[in-house]
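> Protein chains in written order, with the UniProt record's numbering: chain A, 1 to 413; chain B, 1 to 413.
Hint data in this document are derived by calculation from the structure and do not stem from the laboratory.
The reader is advised that the hints may include incorrect statements.
Identical copies look the same in the list; a pair holds intra-copy or inter-copy alike.
Claimed, not checked - Simulated pairs of lysine-lysine, DSS-like, Cα-Cα distance not exceeding 30 angstroms:
id, residue 1, residue 2
1, Lys244, Lys136
2, Lys185, Lys244
3, Lys402, Lys159
4, Lys11, Lys284
5, Lys159, Lys244
6, Lys147, Lys331
7, Lys136, Lys110
8, Lys402, Lys16
9, Lys159, Lys110
10, Lys244, Lys184
11, Lys16, Lys185
12, Lys244, Lys284
13, Lys136, Lys331
14, Lys331, Lys349
15, Lys349, Lys147
16, Lys349, Lys136
17, Lys11, Lys136
18, Lys136, Lys284
19, Lys160, Lys147
There are 2 protein chains.
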Amino acid sequence: MLNERNPIPVKEAIAKVQACYQTGQTEWVPVTEAATRILAMDITADHHVPPFDRSPYDGYALRSDDTTGASAEQPKKLEVVGHIGAGSVHSEPLTDHQAVRIMTGAAIPKGADAVVMLEDTAAEEIEGRTYVNIMKPSAQQQNISFKGEDVQKGEVIIKKGTEINPGVIALLATFGYASVPVAKKPVIGVIATGSELLEVSEPLEPGRIRNSNAYMISAQLERAGAIPRYYGQLADDLASSIEKISAVLEEVDFLITTGGVSVGDFDLLPEIYQALEADVLFNKVAMRPGSVTTVTTTANNILFGLSGNPSACYVGFELFTRPLIDHFLGKRQIGLPAVEAVLDVDIPKANPFSRFMRGYYYFQDQTVFVQLAGKDKSNMVHSLANANCLIELPGGTAGFNKGDRVLIHRLGE
Amino acid sequence: MLNERNPIPVKEAIAKVQACYQTGQTEWVPVTEAATRILAMDITADHHVPPFDRSPYDGYALRSDDTTGASAEQPKKLEVVGHIGAGSVHSEPLTDHQAVRIMTGAAIPKGADAVVMLEDTAAEEIEGRTYVNIMKPSAQQQNISFKGEDVQKGEVIIKKGTEINPGVIALLATFGYASVPVAKKPVIGVIATGSELLEVSEPLEPGRIRNSNAYMISAQLERAGAIPRYYGQLADDLASSIEKISAVLEEVDFLITTGGVSVGDFDLLPEIYQALEADVLFNKVAMRPGSVTTVTTTANNILFGLSGNPSACYVGFELFTRPLIDHFLGKRQIGLPAVEAVLDVDIPKANPFSRFMRGYYYFQDQTVFVQLAGKDKSNMVHSLANANCLIELPGGTAGFNKGDRVLIHRLGE
Numbered sequence: 001m002l003n004e005r006n007p008i009p010v011k012e013a014i015a016k017v018q019a020c021y022q023t024g025q026t027e028w029v030p031v032t033e034a035a036t037r038i039l040a041m042d043i044t045a046d047h048h049v050p051p052f053d054r055s056p057y058d059g060y061a062l063r064s065d066d067t068t069g070a071s072a073e074q075p076k077k078l079e080v081v082g083h084i085g086a087g088s089v090h091s092e093p094l095t096d097h098q099a100v101r102i103m104t105g106a107a108i109p110k111g112a113d114a115v116v117m118l119e120d121t122a123a124e125e126i127e128g129r130t131y132v133n134i135m136k137p138s139a140q141q142q143n144i145s146f147k148g149e150d151v152q153k154g155e156v157i158i159k160k161g162t163e164i165n166p167g168v169i170a171l172l173a174t175f176g177y178a179s180v181p182v183a184k185k186p187v188i189g190v191i192a193t194g195s196e197l198l199e200v201s202e203p204l205e206p207g208r209i210r211n212s213n214a215y216m217i218s219a220q221l222e223r224a225g226a227i228p229r230y231y232g233q234l235a236d237d238l239a240s241s242i243e244k245i246s247a248v249l250e251e252v253d254f255l256i257t258t259g260g261v262s263v264g265d266f267d268l269l270p271e272i273y274q275a276l277e278a279d280v281l282f283n284k285v286a287m288r289p290g291s292v293t294t295v296t297t298t299a300n301n302i303l304f305g306l307s308g309n310p311s312a313c314y315v316g317f318e319l320f321t322r323p324l325i326d327h328f329l330g331k332r333q334i335g336l337p338a339v340e341a342v343l344d345v346d347i348p349k350a351n352p353f354s355r356f357m358r359g360y361y362y363f364q365d366q367t368v369f370v371q372l373a374g375k376d377k378s379n380m381v382h383s384l385a386n387a388n389c390l391i392e393l394p395g396g397t398a399g400f401n402k403g404d405r406v407l408i409h410r411l412g413e
Numbered sequence: 001m002l003n004e005r006n007p008i009p010v011k012e013a014i015a016k017v018q019a020c021y022q023t024g025q026t027e028w029v030p031v032t033e034a035a036t037r038i039l040a041m042d043i044t045a046d047h048h049v050p051p052f053d054r055s056p057y058d059g060y061a062l063r064s065d066d067t068t069g070a071s072a073e074q075p076k077k078l079e080v081v082g083h084i085g086a087g088s089v090h091s092e093p094l095t096d097h098q099a100v101r102i103m104t105g106a107a108i109p110k111g112a113d114a115v116v117m118l119e120d121t122a123a124e125e126i127e128g129r130t131y132v133n134i135m136k137p138s139a140q141q142q143n144i145s146f147k148g149e150d151v152q153k154g155e156v157i158i159k160k161g162t163e164i165n166p167g168v169i170a171l172l173a174t175f176g177y178a179s180v181p182v183a184k185k186p187v188i189g190v191i192a193t194g195s196e197l198l199e200v201s202e203p204l205e206p207g208r209i210r211n212s213n214a215y216m217i218s219a220q221l222e223r224a225g226a227i228p229r230y231y232g233q234l235a236d237d238l239a240s241s242i243e244k245i246s247a248v249l250e251e252v253d254f255l256i257t258t259g260g261v262s263v264g265d266f267d268l269l270p271e272i273y274q275a276l277e278a279d280v281l282f283n284k285v286a287m288r289p290g291s292v293t294t295v296t297t298t299a300n301n302i303l304f305g306l307s308g309n310p311s312a313c314y315v316g317f318e319l320f321t322r323p324l325i326d327h328f329l330g331k332r333q334i335g336l337p338a339v340e341a342v343l344d345v346d347i348p349k350a351n352p353f354s355r356f357m358r359g360y361y362y363f364q365d366q367t368v369f370v371q372l373a374g375k376d377k378s379n380m381v382h383s384l385a386n387a388n389c390l391i392e393l394p395g396g397t398a399g400f401n402k403g404d405r406v407l408i409h410r411l412g413e
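Given only the sequences and the hints, what does the whole structure look like? Please build it.
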């Protein structure tokens, strides 16, 4: 009953899971639904940006030669032969002492090689014709946004694996991607175990608690870019549990179970893994919380056996399941981004195992600080709500002091 | 034609918009759809956590008095009178020299005042009865998670205005919130202006560009927690434009237009505002990009006249529209969170106006650094895709140096 389990280091456990690397498929979605998805192909420019030489200001397009020697006292007078807004084109080339009144974004007329801003000019009507007085000389190419100066046609403008933010959306629209190739989201099954669990809408009963893990994990899955599919709870009966899990494995890309992985007498998962002939990658990790986290593989699926303890469940997901989702989506960032922070609290107690404590990082004076997100008992859901990172404390014989440099894993980015 | 406009400082402009503060309504959604929404009410605990005294480990619940003097050499032998998993209750109170085998999460039986972990015991069968040998004395209250030690019934566990992350979901589920009160998302209309604009699926034409702003703003709206509703482009004709905007104003919480707010000859918005008898809060801000950003109010709506220039449009949204969405949602954080960072690039050119440049911040050695997200010409869409913050550079006569302390406004959080 009390199986021997050999704890392996966290890094080794993560590496074992990542070796199960699997990339998902591509699907095309309308650009209006592409935000927050992951690009599945490199995006190239279908035209130069700007697509033509254009004016960055409201003003007059002119030939710079015509402005030589211009001054406030001796302005150069040019005839205004056209008036164009963005989207319009002036068809006749400019000749000597001609100018075209031009608005921001409009194409520079042929023959013109500079733009003078409106505020540096004065218009004048003489015998029904319009003239503009130029007060200072204009350099060649002054105030022109040149074709292709921002982006060259054919250039890769966004790499596959990029998360589509509003700026990327702007580029996709600019280059005519009415539909966009994105990574298909993995569908991940969630099954809760534990005869103590009530569903969220059930009233409390003696000795029982409500199932919070399945809902929490579903939200973590959505945040990671996956589609959660909750299959309810396992029955206490082994045979029907095996049947249910076998059926679910056919329908999902990965499967997460919560609870039932300890060496407790009512923990069914170890027997289920055996019945499924699943290959156990590990069933004990040298970490707190979540040391009983178990990952197993079948012929064509991966089962994440997360702890039934909410904090351990949360941490197990972020450390082990999330990197595989990142791989599936083809993301460039695999796993939570880790950065260094200054510990803003004493943690005197040592622990032989690596700890991943719920933390709250913040910025002050250009520095990243981190403190504990509330009390950190492993059965405490409360602090999970306030955490924006996991603080990694290496196992050892000494505690940690305020001012120590620690690694934090940023959540929710 | 060339109206006089008086630029006002950015802070003043933001304050003018925020004075239009408006809070939206509350709606109830299933807990499975509540993630990323904003809580509209304080959430209180409907029961203690733990709801009963329970065991944090697999082991034996016992009476600590019975273990006095126990040692490896002289273990104390207790009779095992029950065996309970989480969710089960042992009904009979323990008496002298009795123990109950108990699994993690199960309720402590009456009479017991301590739990000994499985690994510190040895079981033994004698004449069909089960005993457990205890190797060391147990302190009163040892290894018991006490009722209410995490959360007290009635305690406010999450404040209104909090964004619902997976940890919050766990709390909502724990306390039986099958449906959750959240802030209703504002519906925000988007109208593009500019006769140069083609829609994303149209092929390019001379002098014209594709509309990217409407798609970009829609993605910014979604990221901010609003519902975008794109109403297409305004016709060139003033009368029909006024009619369209009037109609849209009846259907949305706020309205955003892109383009048409300059003093250019084809910029219709100033005339439309006049026709609508809209109150102009400002039509010029001492900032780059986006100095022409205009915000006006009608009797029961707010119109954000953002620039047609993509970067200016982007910045105008984040600085002026977003805080109002935050207010509408009742969020505690209003506007982009601003933190200090170390500038990792020289920006020698001074500008009399405040600048909001597209930046990319990153962490190194516990410090927040920021660099420019690509070239930063105001007509450049490209760098928006890479930006994760806006760098605020105060207006003045001097440039900025690598190592300077600057304020960054973090995007997308």
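> Could you run down the list of hints and mark each one as holding or not?
Status of each hint after checking the structure:
For the identical chains of this complex, Lys244 and Lys136 are neighbours neither inside a copy (82 angstroms) nor across copies (43 angstroms), given an alpha-carbon limit of 30 angstroms. In this homomeric assembly, Lys185 and Lys244 come within 30 angstroms of each other (Cα to Cα) only inside a single copy, at 23 angstroms, whereas the closest approach across copies is 39 angstroms. Taking the shortest Cα distances, Lys402 and Lys159 sit within 30 angstroms of each other only across copies (29 angstroms), while inside one copy they are farther apart (41 angstroms). For the identical chains of this complex, Lys11 and Lys284 are intra-copy neighbours only, at 13 angstroms inside a copy versus 55 angstroms across copies, given an alpha-carbon limit of 30 angstroms.
Proximity of Lys159 to Lys244 under the C-alpha cut-off of 30 angstroms is found in neither arrangement, the shortest distances being 41 angstroms within a copy and 39 angstroms between copies. For the homomeric pair Lys147 and Lys331, neither the shortest alpha-carbon distance inside one copy (33 angstroms) nor that between copies (44 angstroms) is at most 30 angstroms. With identical chains, the CA atoms of Lys136 and Lys110 are at most 30 angstroms apart within one copy only, with a shortest distance of 22 angstroms there and 96 angstroms across copies. In this homomeric assembly, Lys402 and Lys16 never come within 30 angstroms of each other (Cα to Cα): the closest approach is 34 angstroms inside a single copy and 42 angstroms across copies.
Proximity of Lys159 and Lys110 under a CA criterion of 30 angstroms is satisfied in neither setting, with 36 angstroms inside one chain copy and 63 angstroms between copies. In this assembly of identical chains, Lys244 and Lys184 lie within 30 angstroms of each other by CA distance solely inside one copy; the values are 26 angstroms within and 38 angstroms between copies. Taking the shortest Cα distances, Lys16 and Lys185 sit within 30 angstroms of each other inside one copy (23 angstroms), while across copies they are farther apart (43 angstroms). Taking identical chains as interchangeable, the C-alpha atoms of Lys244 and Lys284 lie at most 30 angstroms apart only when both belong to the same chain, with a minimum of 25 angstroms there against 64 angstroms between chains.
Proximity of Lys136 to Lys331 under the C-alpha cut-off of 30 angstroms is found in neither arrangement, the shortest distances being 53 angstroms within a copy and 52 angstroms between copies. In this assembly of identical chains, the alpha carbons of Lys331 and Lys349 never lie at most 30 angstroms apart, being 37 angstroms within a copy and 37 angstroms across copies at closest. Proximity of Lys349 and Lys147 under a CA criterion of 30 angstroms is satisfied inter-copy only: 25 angstroms between copies versus 64 angstroms inside one chain copy. When the C-alpha separation of Lys349 and Lys136 is checked against a cutoff of 30 angstroms, the pair qualifies only between copies, where the shortest distance is 23 angstroms, while the shortest distance within a copy is 74 angstroms.
In this assembly of identical chains, the alpha carbons of Lys11 and Lys136 never lie at most 30 angstroms apart, being 67 angstroms within a copy and 35 angstroms across copies at closest. When the C-alpha separation of Lys136 and Lys284 is checked against a cutoff of 30 angstroms, the pair qualifies only between copies, where the shortest distance is 26 angstroms, while the shortest distance within a copy is 78 angstroms. Taking the closest pair of Cα atoms, Lys160 and Lys147 come within 30 angstroms of each other only inside a single copy of the chain (26 angstroms); across copies the shortest separation is 51 angstroms, beyond that limit.
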